[in-house]
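Peer 1: Each chain is listed here by its residues.
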Amino acid sequence: MEFVMAAVVGAMFAAGTYMILRRSLIWIVMGFGMYSNATNLLLIVCGGYAPQWQAPFVGAAAPATPLMDPLPPDIILTAIVISFAVGALLLTLSYCVYLDYGTDDPEELV
Amino acid sequence: MRLLIVPVLVPFLTVIVLALLTGRAAAQKTVALASAAGLTVFVFWLLRYVDQHGIQTMVIGGWTAPWGIAFVADRLACIMLCLSMGVGTVVTLYTFWTVEARQQEYFFYPLFQVLLLGVNWCFVTGDLFNLFVGYEVMLIGSYGVMMVGATKAQVRETTRYLAINSIGSTFFVVGCGLVYTTVGTLNLADLAARTAALGPEQAALVTAVSMLLLVVFALKAGAFPLFSWLPDSYPVVPAGVSGYVAGLLTKVGVYSLLRVFVLVFRQPGHELALQVILVLSGFTMLLGVLGAMCQWDVRRILSWHVISQVGYMVMGIGLAANASIATAAVAGTIFYVMHHIVVKSSLFLIGGIAERVSGTQELKRMGGVLDLAPGVAALFLVSAMSLAGMPPFSGFLSKLVLLRAGLGGGHYVVVAVSLVTSFLTLYSMAKIWTYVFWGRAARATPAAPYRALMVPTAGLVAATIVLGFAAEPFLRLANDAADEITRPDAYVAAVLGERRP
Chain A
1 MEFVMAAVVG
11 AMFAAGTYMI
21 LRRSLIWIVM
31 GFGMYSNATN
41 LLLIVCGGYA
51 PQWQAPFVGA
61 AAPATPLMDP
71 LPPDIILTAI
81 VISFAVGALL
91 LTLSYCVYLD
101 YGTDDPEELV
Chain B
1 MRLLIVPVLV
11 PFLTVIVLAL
21 LTGRAAAQKT
31 VALASAAGLT
41 VFVFWLLRYV
51 DQHGIQTMVI
61 GGWTAPWGIA
71 FVADRLACIM
81 LCLSMGVGTV
91 VTLYTFWTVE
101 ARQQEYFFYP
111 LFQVLLLGVN
121 WCFVTGDLFN
131 LFVGYEVMLI
141 GSYGVMMVGA
151 TKAQVRETTR
161 YLAINSIGST
171 FFVVGCGLVY
181 TTVGTLNLAD
191 LAARTAALGP
201 EQAALVTAVS
211 MLLLVVFALK
221 AGAFPLFSWL
231 PDSYPVVPAG
241 VSGYVAGLLT
251 KVGVYSLLRV
261 FVLVFRQPGH
271 ELALQVILVL
281 SGFTMLLGVL
291 GAMCQWDVRR
301 ILSWHVISQV
311 GYMVMGIGLA
321 ANASIATAAV
331 AGTIFYVMHH
341 IVVKSSLFLI
351 GGIAERVSGT
361 QELKRMGGVL
371 DLAPGVAALF
381 LVSAMSLAGM
391 PPFSGFLSKL
401 VLLRAGLGGG
411 HYVVVAVSLV
421 TSFLTLYSMA
431 KIWTYVFWGR
441 AARATPAAPY
451 RALMVPTAGL
461 VAATIVLGFA
471 AEPFLRLAND
481 AADEITRPDA
491 YVAAVLGERR
501 P
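Protein chains in written order, with the numbering used here: chain A, 1 to 110; chain B, 1 to 501.
Isolated chain B (complex conformation) (with noise of 0.2 Å):
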């Protein structure tokens, strides 16, 4: 299917055409969001017909696979597309009104259109090298975006999430290069095929060189023991930018662990992976949320908690070891990456209306914004229970999709882990709403205008409620989605057709 270029061509042509109307906001604004919105609507219809229609598969240059780029769109690929695009499409309309008028007329939008492109490209791509291409587009993006304003922090931080993220690609290049010498082939239905079939002096090596890219995809996705650039970074994101940040970056680290390591590595042995990814979720998950209580300020407690959520996701593709729950596991992470997405990205846009109503990003300064826009108070207090797990809500149902998968595989350490994680994030969304929202307020009206921002943003809310509220179609795709990377038949036949070996 040709249409699979699109998710990648569309962002691509929006940063040429947003980089000939520099120094025009509004022309700019208009394409962006023109764009953006557009994609949404095609990768929903693309996520539609991949669920009827099967795995659709697209090859570049007409070499057939495994030897040309292909471009595959499975239902988890789909997913993430919509995730991306739906985020993006809610951010553009943010920054309306965040980012300041002379970055708008500048490259504040082609730099954005470049992050979504990377991303996007990361989720449509079928081939491990593309992936490494689609991680530096992203990486190009993301410097850009980080850097808008270029205040002292904004330096700082972004040259050191630079040099870390320098150190993380040659590995991944260095990881590409040897699963090629080792297997032969870098196409991910190519690979999945050949490891499966590998003697074990092989299969040996390729473990050994799966936790190079291990050690990648954890940075990237902020797990333990890589998070230490995380919550320096985030907080100095600008305002709305930071939503799509928070929301998709690490995921794409995420949905890389999956595709490679519950798709592609399937070699004999490939289980000790899943089992050190189970035990660094624990880690991550607990050290996350523990460092969340310490801070004082809304972003950078928000940030730890992108880590500690992480775990929780990392641990579904960790329980993948035990075979007879992978599938319920891996469908607990796919849903668990759909309510994170949405509900850290509301959080996000949530903390910088408070800052804007408030006047401060300090906790302890900020203080009754709950008189002075109660409508910001509703939005936090749905967002930081589903965030939390509380039930109706879908951070209720993905926990417990999770635990469930946990409990029948009889992994009572990490679900222990998870649950006393549960509650200290509770308590530090109670601590937010404590200062934030109750309390004296420091001024008798809003520091800035923040109205217009609630539309956007209650759209994100309203999608967790939904996925709270109608699980069940949604549960249902998890699952499908699930079952199409546990058992790769179909992704290796939509891929190489006739020329399986």
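Bound-form chain A, shown alone (with noise of 0.2 Å):
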């Protein structure tokens, strides 16, 4: 399991690297939101898991299984929506050259 996801993620961070690195705005949007993804995956991965963890919620009694650790879910989805509102923003704003300048790719500004 361990070593698929990690093939996965490192399959994911070389595409993200290699849209980030063309020139054009939609490349660099679309690389990030490829990393983000990536990056994600890889916190699932090491917040580990096994089919008899169970939810972390304890009541009155000692859970007689282990508990999964909520901490690694909560960390991604922070950093969903943080990658969320950047996304967004790099969006609007490579709309907003486009809409300006007529190209999306920013080399050719000069």
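Hints should not be assumed to be uniformly reliable.
As the list claims (entries may be wrong) - The list that follows gives simulated cross-link-like pairs (lysine to aspartate or glutamate, EDC-like), each with its CA atoms no further than 16 Å apart:
1) B:Lys-152 <-> A:Glu-107
2) B:Lys-152 <-> A:Asp-104
3) B:Lys-364 <-> B:Asp-297
Unchecked claim - A few chain A residues facing chain B, derived, Cβ under 7 Å:
4) Ile-28
5) Leu-42
6) Ile-75
7) Leu-109
What the hints assert, rightly or not - Stretches of chain B that chain A covers, calculated by requiring three or more beta carbons in the stretch to come under 8 Å of a beta carbon on chain A:
8) 133-142
9) 154-160
Keep in mind the hints are simulated off the structure, nothing from the lab.
Please read all numbers here as calculations on a predicted model, not as lab measurements.
For every residue, glycine included, the Cβ atom is placed at its ideal position computed from N, Cα and C.
Each of the two chains sits in its own frame; use the hints to bring them together as a complex.
Peer 2: Right, dumping it as structure tokens:
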């Protein structure tokens, strides 16, 4: 399981790097999206997973089985929200640049 | 202490109020200045309070540390907050006359407050993941203020800045995840306590992870070899705002290096990261100043100097690898950060005034500002001498403290490099002086009114004189702050209380 996830995360980072290194703004935005999704998958692997783990609700009695650690999903949620906000900002920005200058390649703006 | 939320809450509410005041420039100016000035008074009070009563903490939502999100104000955090808000207030005042009326009516002031919000957030947080959140808020604000005006050069450079920072942010989250997996916590105090007790195998893993964070913070600080984005992007920031951006943003990186590599990572073998930092610092100062020598644009010269000065600050962090001089070296870094933020911001503000007086940014065509505006020349002379490290200004003392620590630890190579850098800085400042202030003026009168701008700038220049002549209390403060982070017992006890592992 971990090996498969590690391979997927590695492939996504490679793809994201390729996209961010392109000159077009829209590629950069998509590359950023790819990066943040790869990071979230990596965080899931970091948190660990086993089918017998319970949801982390503790009642009066001590739990019989190991509990899932709630913090990594919590971090992932926050990271999703932030990358969503930054992604929206970047998309708006590239659209505004396109409206103003008719290009989405910043290197053409000299 | 619940008041610790104030440095974050006030800019946050100000952003909302300012956004509601869209189209009313006068009201926006008043609110922005009142908010920044009020918060400045508060953070100075907080510094005094923390200095007298020890480290203050606050946890959000009733979850106690290390599970909840902790806000921690120690001396270092308070010093940085004071610098951030002091320069923020001065720059807010300065932009009254430099930012175009149309931009003032719309979203300039809200964006600048977002920047203040993010920077303050980074300083006051006691949690690694929250530091990342602060970074993101700060970056969104900085993209905004860099784009104000949206000229071609601004769009081009901001896009580069944005692409490289999105890579940095991703690495930061990955670093957080890996730290959590290896150590099991993200609270800075808890991390400091737990990493010190790690076995050799785990410690090696943590050292490896710390290198990832080193890349993130070095990128943010503009340290070698990750500085290429800086000299291109800072010159396009509107005059005035560049004072805050150049003064504070790279120093958030330096602050993170201090906080994370001196306070947090204490596993056996953590000195490796500090030794790497020491080597990087030598290259950073030398390449920064060599880059500055071959530039012919005032703001570019100053931007390259930001890099070389970051080298000095990072040098103090690197010297902390040697336990016997760690406190002295870190105190040197903290005092250097205080000096540098004040001087670098004022140089950028003075550069902005000189451009208004002469009507151009090109060094070779400026000339004669001494005749047109002698007051500006006086302000520049003080700041430039201070930057190059001439006595009696703050630059001399800050270098002296660092060099003494370096010589005490026997690090002669890096001390020699820093002395060479200091001489070359003097050359570079003399170049600006010769071309901008001496020579025959190309015009009979100043190109634009400039006198009002001298008031906020003079405030910052006065601060460098005070830091130089009355250095005793500031050095004492820097020493105490360094002591707090090199010996983290008090910090850990203040945050975790009874729950120390």
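Peer 1: Mind checking, does the stretch 154-160 of chain B have 3 or more residues with a CB under 8 Å from chain A?
Peer 2: holds (count 4)
Peer 1: With chain B as the partner, please determine if A:Leu-42 meets the hint condition of a C-beta pair closer than 7 Å.
Peer 2: 6 Å, holds
Peer 1: Take a quick look at whether B:Lys-364 and B:Asp-297 sit within 16 Å of each other, Cα to Cα.
Peer 2: 8 Å, holds
Peer 1: Taking 16 Å as the top limit, are the C-alpha atoms of B:Lys-152 and A:Asp-104 close enough?
Peer 2: 12 Å, holds
Peer 1: Examine the stretch 133-142 of chain B: at least three residues should have C-beta closer than 8 Å to a C-beta of chain A.
Peer 2: Coverage by chain A holds for the stretch 133-142 of chain B (4 residues, Cβ < 8 Å).
Peer 1: Using 7 Å as the Cβ threshold, decide whether A:Ile-28 counts as touching chain B.
Peer 2: 5 Å, holds
Peer 1: Tell me if the interface restraint on A:Leu-109 is satisfied: Cβ within less than 7 Å of some Cβ in chain B.
Peer 2: 4 Å, holds
Peer 1: Are B:Lys-152 and A:Glu-107 close enough, with their CA atoms no more than 16 Å apart?
Peer 2: The hint holds at about 10 Å.
Peer 1: Would you settle whether the hint for A:Ile-75 is holds or violated, based on the nearest Cβ-Cβ distance to chain B being less than 7 Å?
Peer 2: 6 Å, holds
When the structure is compared with the earlier hints, no violation turns up for any of them.
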